[in-house]
Amino acid sequence: MDYFLIYLTLAAYYVAAALWLAFFLVQRQNYCRLGAAFMTAGFAGHTVALLWRTLRLGMLPAVALGETLLVFAWALAAAFLFLYWRFPIKVLGALVAPVAALLVSASLILPAGQGAVSPMLQSLSLACHVILAILGNAALTMAGLGGVFYLLQEREIKGKRFGFFYRRLPSLDQLDALNYWCLTLGFPLLTAGIISGSLYAQSHLGTFWRWDVKEVLTLTAWLIYAVLLHERLAVGWRGRRAAWLAISGLAALVITFVGANLWLESYHSFASFMKQP
Amino acid sequence: MNLVLVGVNHKTAPVELREKLGCLFPEIGDAYRLLKSLPAVQEVLFYTTCNRVEVLCVSEAYDEAVGELREFLSRHPDLAPEVLDRCLYVWQDLEAVQHFFRVAASLDALVVGEPQILGQIKAAYRQAVEHRATGAILNRLLHKTFAVAKKVRTETGIGDHAVSVSYAAVSLGRKIFGDYRGKTVLMIGAGEMAELALEHLKGQGVARIVVANRTLERGLKLAQRFHGEAVSLEELETQLLGADIIISSTGSPHYLLTCEQVKSAMRRRKQRPLFLIDIAVPRDLDPKINDLDNVYLYNIDDLKLVVEHNRQKRREEAVKAERLIQAEALKFMDWLASLAVYPTIIALREKAERICQAELKKTLSHLGNVSPEQRQALEVLLQSTTQKLLHDPIMFLKRNHDRKRAHLELDLVRRLFNLNSETSDT
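The listed protein sequences derive, respectively, from chains A and B.
Positions in the first sequence are counted from 1; adding 18 to them yields this note's numbering.
Positions in the second sequence are counted from 1; adding 2 to them yields this note's numbering.
Quick caveat, the hints were computed from the structure, so don't treat them as lab data.
Treat the numbers as computed from the prediction; the structure is a model and nothing was measured.
A virtual CB, placed ideally from N, CA and C, is assigned to each residue, including glycine.
Don't take every hint at face value.
Claimed, not checked - Result set (EDC-like, lysine to aspartate or glutamate): computed pairs, CA atoms no more than 20 Å apart in a straight line: (1) A:Lys-108 to B:Asp-181; (2) B:Lys-315 to A:Glu-174; (3) A:Lys-176 to B:Asp-288; (4) A:Lys-178 to B:Glu-157; (5) B:Lys-306 to B:Asp-162; (6) A:Lys-178 to B:Asp-295; (7) B:Lys-185 to A:Asp-191; (8) A:Lys-108 to B:Asp-162; (9) A:Lys-176 to B:Asp-304; (10) A:Lys-178 to B:Asp-304.
Stated by the list, open to error - Here are a few chain A residues that sit away from chain B, every Cβ distance over 10 Å (derived from the structure): (11) Tyr-25; (12) Trp-255; (13) Arg-258.
To be verified - Have a look at the derived ranges for each label pair, beta carbon to beta carbon: (14) B:Arg-270 to A:Trp-229: 39 to 49 Å; (15) B:Arg-176 to A:Thr-202: 21 to 31 Å; (16) B:Glu-239 to A:Ser-221: 58 to 68 Å; (17) B:Ser-166 to A:Gln-45: 28 to 38 Å; (18) A:Arg-104 to B:Ser-266: 31 to 41 Å; (19) A:Phe-182 to B:Leu-410: 48 to 58 Å; (20) B:Glu-97 to A:Ala-124: 51 to 61 Å; (21) B:Gly-184 to A:Val-253: 17 to 27 Å; (22) A:Gln-47 to B:Glu-97: 28 to 38 Å; (23) B:Ser-166 to A:Leu-251: 35 to 45 Å; (24) B:Lys-152 to A:Ala-62: 33 to 43 Å.
Excised from the complex, chain A in its bound form:
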């Protein structure tokens, strides 16, 4: 049942992606509205599928890489729809919808987790850690994607050559505000994710912080965002610098997500989740 729903979700995301890309190219408002509708429908299916699977397994399905990508795609769609509702930057859909569709596809292609799952992972408080961290990552991903748009648009305006993007992208002010919004949304979530994880580690492993690869990389990303937030509030950093920092933060997050799993000794890697402790 949950697989069926996920395929429906995937189809909805692909349709939304196609509509949004079409909107980006020909700038027809209808496409964008339809794209949002498909995205919302896909998100609803996605939510039900995840809930279903969680109930079936008795735990949050975020143990194997594929499963985690599915949860991340959900968080990305959630963050996007939330922003779209509060802060309509329409073209962002042209990036987010394809990314969400590809993430869901990847989650279906990648092998599902096999073997026994360590009982340490089957707790509610750990699920909180995972959900908070993933939602934070999703919001910060949006900041990074917005940063890409900002740099593209800024280059055209500064360089006084108006090409493909000038007409299609929103104003610099809006893109910069998107950066700020996503940061104020994502940074507390990421922080809460780190804190909840460390509290959980204290109660189960007896130590708050183990200098694990994933922990170190996450801390790096967190520091990047902390600097960005501080400079934004204190000195008024914005525009290009803010966009670049958001993009480097996103790069750090991606490295964290992928890198920690290549590093097999890490107790945060997906491979280690399957082994009995």
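Add chain B to chain A, keeping to what the hints say.
Just chain B now, with coordinates in the frame of chain A:
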């Protein structure tokens, strides 16, 4: 059934002639009274815009209609008919439809893509409807025209590109700030070009206007006009902190603002974006300012380049629009041609009905007593036989899409069923 379009525009006639024609009828009611009294004109639309005076009409007799409309336009006492004839263009049917679409979609305008023309045609159509000058064909044509103009606007980028310097500046600012609400404009100098830009910006809803001028008196005058405040040039650096958009157009021989001044101001402004427009020659603002983060400087040449680029873009988009219009005009002519078959279909049905009634009467008188059921059965028999018999010829008429042969086929059907001698009224 013919469509005829007669008129003059900015390409064919000098402005004096257009002016004369434009004020030919100060009261539009008079024009329509006259037009409706013309014998060859069935439906008519009369419209004048700043660049054209045109009459569009539906007529059965093309040549007469053209003559009457020409006479209508040459009623002005100071206008020699031969002068008018030299400027006048006459379009028929497909060409008339195409021309009308092009006018409404602003392809025939002085500045291609200006949006006002559609509004003027809509207003003219409203007047024509009020004076009951239009009928089925022009109503359909006009509604089609509005749809085509909208399609051209949405499907091609013909209206997307700003083609005047001050408008280009305003639309650039919109890509930086999103909108102008709550923004402050600092005007340095009080030139004519600056005023134009201010007028544009005022329409966009800027919150505050500050005018800095060498002579405070002139600055005050301009500031009053736009409900702003006037400051002296010495205060420039302080004003830099509050402004979002700066337009400079003084006659100063050296830079009024240097890169360092703006740089230090940006730090104190907490990097709020600053959009500077330098329309002065020689330049007032140090071109290096553009290298600063969150600062965007455009000088007059940059803006002119934008405008030239946009003009080029519009011309490219116009080609797309022309193609769209041609297709739509052909579709409309198809519809017009399909109108021609209806009188024939009606005549065909009437003829069949007449024969049926006559034959039924004859048969009934032979049969003597028949029950109502039997009579009804006979009627149904006759009706379904003729209907089935006529079905194919009618379909033959309706399915016709070949414009060139339509006329021949219609004629063939009429001769085949001998409709011409019987129905002289169609």
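Inset, instruction - Just tell me: holds or violated, for the beta carbon distance of A:Arg-104 and B:Ser-266 against 31 to 41 Å? - result: The hint (31 to 41 Å, Cβ to Cβ) holds, given that A:Arg-104 and B:Ser-266 are roughly 36 Å apart.
Legend entry - Given hint B:Asp-181 paired with A:Lys-108 - CA-CA distance at most 20 Å: Distance of about 16 Å is within 20 Å: holds.
Legend entry - Pairwise beta carbon distance, A:Gln-47 to B:Glu-97, judged against the given window 28 to 38 Å: 34 Å, holds
Legend entry - Distance restraint between B:Lys-306 and B:Asp-162, which requires alpha-carbon spacing of 20 Å or less: 16 Å, holds
Legend entry - B:Lys-152 versus A:Ala-62 beta-carbon gap, inside 33 to 43 Å or not: For B:Lys-152 and A:Ala-62 the Cβ distance comes to about 35 Å; the hint holds.
Inset, instruction - Please test the hint of 39 to 49 Å on the beta carbon pair from B:Arg-270 and A:Trp-229. - result: Cβ of B:Arg-270 to Cβ of A:Trp-229: about 42 Å, so the range 39 to 49 Å holds.
Legend entry - Restraint status (C-alpha distance of A:Lys-178 to B:Asp-304 at most 20 Å): 7 Å, holds
Inset, instruction - Starting from the range 51 to 61 Å, see whether the pair B:Glu-97 and A:Ala-124 falls in it by beta-carbon distance. - result: 58 Å, holds
Inset, instruction - Assess, step by step, whether the Cα of A:Lys-176 is no farther than 20 Å from the Cα of B:Asp-288, and give holds or violated. - result: 15 Å, holds
Inset, instruction - Quickly compare the C-alpha distance for A:Lys-176 and B:Asp-304 to 20 Å and report which way the hint goes. - result: At roughly 11 Å apart (the allowed maximum being 20 Å), B:Asp-304 and A:Lys-176 satisfy the hint.
Inset, instruction - Given the hint that A:Lys-178 pairs with B:Glu-157, test it: the Cα-Cα distance must not exceed 20 Å. - result: Not satisfied, since the Cα-Cα distance of roughly 26 Å exceeds 20 Å.
Legend entry - Pairwise beta carbon distance, B:Gly-184 to A:Val-253, judged against the given window 17 to 27 Å: At 22 Å between Cβs, range holds.
Consistency with the previously given hints fails for numbers 4, 12, 13 and 17, ordered from lowest to highest.
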